[in-house]
Amino acid sequence: MFITFALITLLGALGMLLQKNVVVAGLCMVAAFFGVAGLFVLLANPVAAALQIIVYTGAIMVLVLFVIMMLNSHEEEKAQVSHPVQRWLSVTLIAALAFGAVKLVLGSKGLTALAVTGAEMPQAMTLQKIGTTLFADHLLGFEVAGLVLLAAMIGAVALTKRNL
Amino acid sequence: MSLTPSQWAALLPLLIPVFGACVIVIMSLDTDQATTKWIRGAMYGTALLAVAGSFWYLTDLWKAGSQPAFFQLHMDRLAQFTGIFVMVAAALTVLQSWDHFHQEGWVKGETLALLLFSAVGMMLFASTTHFVTLFLGLELFSIPLYALVGTVRARSESAEGGMKYFLTGAVASSCFLMGGVLIYGLSGTFDLAAAASILTVKGLALDPLVLVGAALMLLGFLFKVSAVPFHQWTPDAYEAAPHPIAGFMSVATKGVAFIALLRVFPGSFAPLGALGMKMQAVVAILAVATLVLGNLTALVQSNVKRMLAYSSISHAGYLLLGFVAGTPAAYTGVLFYLVIYLAMNMGAFGLLTAFGLVGEHTTFEDLRGLGWKRPAMGFAAAVFMLSLAGIPPLGGFYGKYMIFRELVGTGHVGLAILGVLASLVSAYYYLRLLVALFLQAPSAEAERLASDRPAVHAPLAGAAVLVCAVIVLAGGFLQYALVDGFAKRALVEGLGLLR
Chain A
2 MFITFALITL LGALGMLLQK NVVVAGLCMV AAFFGVAGLF VLLANPVAAA
52 LQIIVYTGAI MVLVLFVIMM LNSHEEEKAQ VSHPVQRWLS VTLIAALAFG
102 AVKLVLGSKG LTALAVTGAE MPQAMTLQKI GTTLFADHLL GFEVAGLVLL
152 AAMIGAVALT KRNL
Chain B
14 MSLTPSQWAA LLPLLIPVFG ACVIVIMSLD TDQATTKWIR GAMYGTALLA
64 VAGSFWYLTD LWKAGSQPAF FQLHMDRLAQ FTGIFVMVAA ALTVLQSWDH
114 FHQEGWVKGE TLALLLFSAV GMMLFASTTH FVTLFLGLEL FSIPLYALVG
164 TVRARSESAE GGMKYFLTGA VASSCFLMGG VLIYGLSGTF DLAAAASILT
214 VKGLALDPLV LVGAALMLLG FLFKVSAVPF HQWTPDAYEA APHPIAGFMS
264 VATKGVAFIA LLRVFPGSFA PLGALGMKMQ AVVAILAVAT LVLGNLTALV
314 QSNVKRMLAY SSISHAGYLL LGFVAGTPAA YTGVLFYLVI YLAMNMGAFG
364 LLTAFGLVGE HTTFEDLRGL GWKRPAMGFA AAVFMLSLAG IPPLGGFYGK
414 YMIFRELVGT GHVGLAILGV LASLVSAYYY LRLLVALFLQ APSAEAERLA
464 SDRPAVHAPL AGAAVLVCAV IVLAGGFLQY ALVDGFAKRA LVEGLGLLR
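Quick note, the sequences are listed as chains A and B, same order.
Take the position in the first sequence, starting the count at 1, then add 1; the result is the number in this note's numbering.
Take the position in the second sequence, starting the count at 1, then add 13; the result is the number in this note's numbering.
There's no promise every hint is true.
[Unchecked claim] Below, computed lysine-lysine pairings styled on BS3-like, alpha-carbon distance capped at 25 Å:
# : chain 1 : residue 1 : chain 2 : residue 2
1 : B       : Lys-291   : A       : Lys-104
2 : A       : Lys-162   : B       : Lys-50
3 : B       : Lys-76    : B       : Lys-121
4 : A       : Lys-104   : B       : Lys-215
[Unchecked claim] Here are the computed distance ranges between Cβ atoms for each label pair:
#  : chain 1 : residue 1 : chain 2 : residue 2 : range
5  : A       : Leu-18    : B       : Gly-54    : 44 to 52 Å
6  : A       : Gly-101   : B       : Glu-373   : 38 to 46 Å
7  : B       : Ser-79    : A       : Gly-101   : 46 to 54 Å
8  : B       : Pro-242   : A       : Gly-108   : 20 to 28 Å
9  : B       : Trp-69    : A       : Leu-43    : 34 to 42 Å
10 : B       : Val-426   : A       : Met-62    : 35 to 43 Å
11 : B       : Ser-315   : A       : Val-48    : 52 to 60 Å
12 : B       : Ala-302   : A       : Arg-88    : 50 to 58 Å
[What the hints assert, rightly or not] Covered stretches of chain B, going by a simulated chain A footprint (3 or more residues, C-beta under 8 Å):
#  : segment
13 : 121 to 133
14 : 156 to 170
Simulated from the structure, these hints should not be mistaken for lab results.
From the three backbone atoms N, C-alpha and C, an ideal C-beta is built for every residue, glycine too.
Could you build the full structure based on these sequences and the hints that come with them?
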């Protein structure tokens, strides 16, 4: 199951990057979000999965697609100069990083220990539990997250509004 | 749920500026031409009041010696020290920005609100060891700064600088997040101090994933202090940003990132001894690279703001050397140096505003002969530049001296010699600014242009510059009183590093 969802996420993300047509790229992003939602379900957290689908795939993606359609530019502009050297360099770098990451994960004693102890199913996260965690343990973080959003909104308005 | 007085005490220093920022945003909705002048005055007044309120509250906490906490927010001595540090920087920035934004013709309330949000995020960032709160603090101070860099939209390059800062900053933030997640995954707790002891008990201190996690977190901090090789954004962002904002970024961001680094690496991660040694080796190499690259590139700059940006990179190198030494006395030196650096750099960026240099006109050419026209500003410039270069009786010298002394004491003699050589090199480009100010006559064309324009009138920026000069001078003559009274107590009672 994990492999399936992980592959959906990865392929969706890759498709989004490589796709030239912006609308199709947006749809690939939807696939990636669905994969992430599936991963949340596997982690016994259906609430996060539902939120992922409602908020990201539902609301945010619709907005993104609307903007793309309103701007009416489905095709990406061609880069003026192609840099084959940079492209190959980045591909080798990514390959090296991926190889290194896999090697790290396989070589980690801590992860093998976790694989043994973490075998039992974790308790499912309910809406009620999320509420108590948010407001009892992470109240400060919750409030600060609100401030971050407010600051980001003011920043966006300050940067883009025509008649400020 | 009701809060206890102690919880309020921990929260209020952050709540006051937040409240001020919200009020300012509402005030800036006013678009009536007739009242604009009054509203502007009221907005700047509110910002100053909010900063002063928080500052006053923090000094009260400091005097009372109480160290309240609210959930993961620990308003201990070190956090109070940071709060006072950030509030002084914010006040100086507000004063300078009144003049600068009037010169640029772009006076908006949103900039003030963003500045206050950023200051709150900085206080939060430096007063917690809980990873979630730490990351939220990082974002709360970075996001407003991204917007502030590009805020003067009338200038074409401001959007470019803002975008560069935003993209690189977002990558650094996500690396920081990834690092914290790796450590959380292996230890099962968000609190970094608890995570360190759990990892030690489990014998995972040198697990490859923990190493990568710690390295990625270090990357996040080093990006914020603009150490090589994460420094490329610095000159572009500073050049694009309004002068007071560039000063605020160079001083407050760097200071807060160093204090948070101090809290996390030598503080929380102290149980992970072997990991600390590895990180120290990395920091030593990067400090050398930062010193060499920052100083050498600063030599060839023709724009004063870019020169100051590279100088701020090289100062990150000196401060990192304090972490290489890693003794409590070295950390005290770092804190003292940060305070002096606050005054020196806010003052240096304030000079540009006080001389009325706007937009692109911030080259050494534009400064020629200005020192004689405004003797008080010229004197302040001399104080800042000599102190930045580390000439003895001034504050900057003692900061460097405390760090280098500890380097020698811990056997890093080579690094100390390199540091001294670097400050010798740096004297060249700092003195170049003084030469332009005092020894070169302005070009005929500049004279003609200056006579056309109305005389520069920047009383608030001038006052802010003089205050900075007084702090630098005080740092030179009262250094031991300041160190014992503030920096050492912040470390002893806040972090428990020295006993």
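Going through the hints against the structure:
no.: 1; hint: Lys-291/B / Lys-104/A; result: 20 Å, holds
no.: 2; hint: Lys-162/A / Lys-50/B; result: 21 Å, holds
no.: 3; hint: Lys-76/B / Lys-121/B; result: 36 Å, violated
no.: 4; hint: Lys-104/A / Lys-215/B; result: 21 Å, holds
no.: 5; hint: Leu-18/A / Gly-54/B: 44 to 52 Å; result: 50 Å, holds
no.: 6; hint: Gly-101/A / Glu-373/B: 38 to 46 Å; result: 44 Å, holds
no.: 7; hint: Ser-79/B / Gly-101/A: 46 to 54 Å; result: 48 Å, holds
no.: 8; hint: Pro-242/B / Gly-108/A: 20 to 28 Å; result: 26 Å, holds
no.: 9; hint: Trp-69/B / Leu-43/A: 34 to 42 Å; result: 52 Å, violated
no.: 10; hint: Val-426/B / Met-62/A: 35 to 43 Å; result: 60 Å, violated
no.: 11; hint: Ser-315/B / Val-48/A: 52 to 60 Å; result: 57 Å, holds
no.: 12; hint: Ala-302/B / Arg-88/A: 50 to 58 Å; result: 28 Å, violated
no.: 13; hint: 121 to 133; result: holds (count 8)
no.: 14; hint: 156 to 170; result: holds (count 8)
Consistency note: the structure conflicts with the earlier hints numbered 3, 9, 10 and 12.
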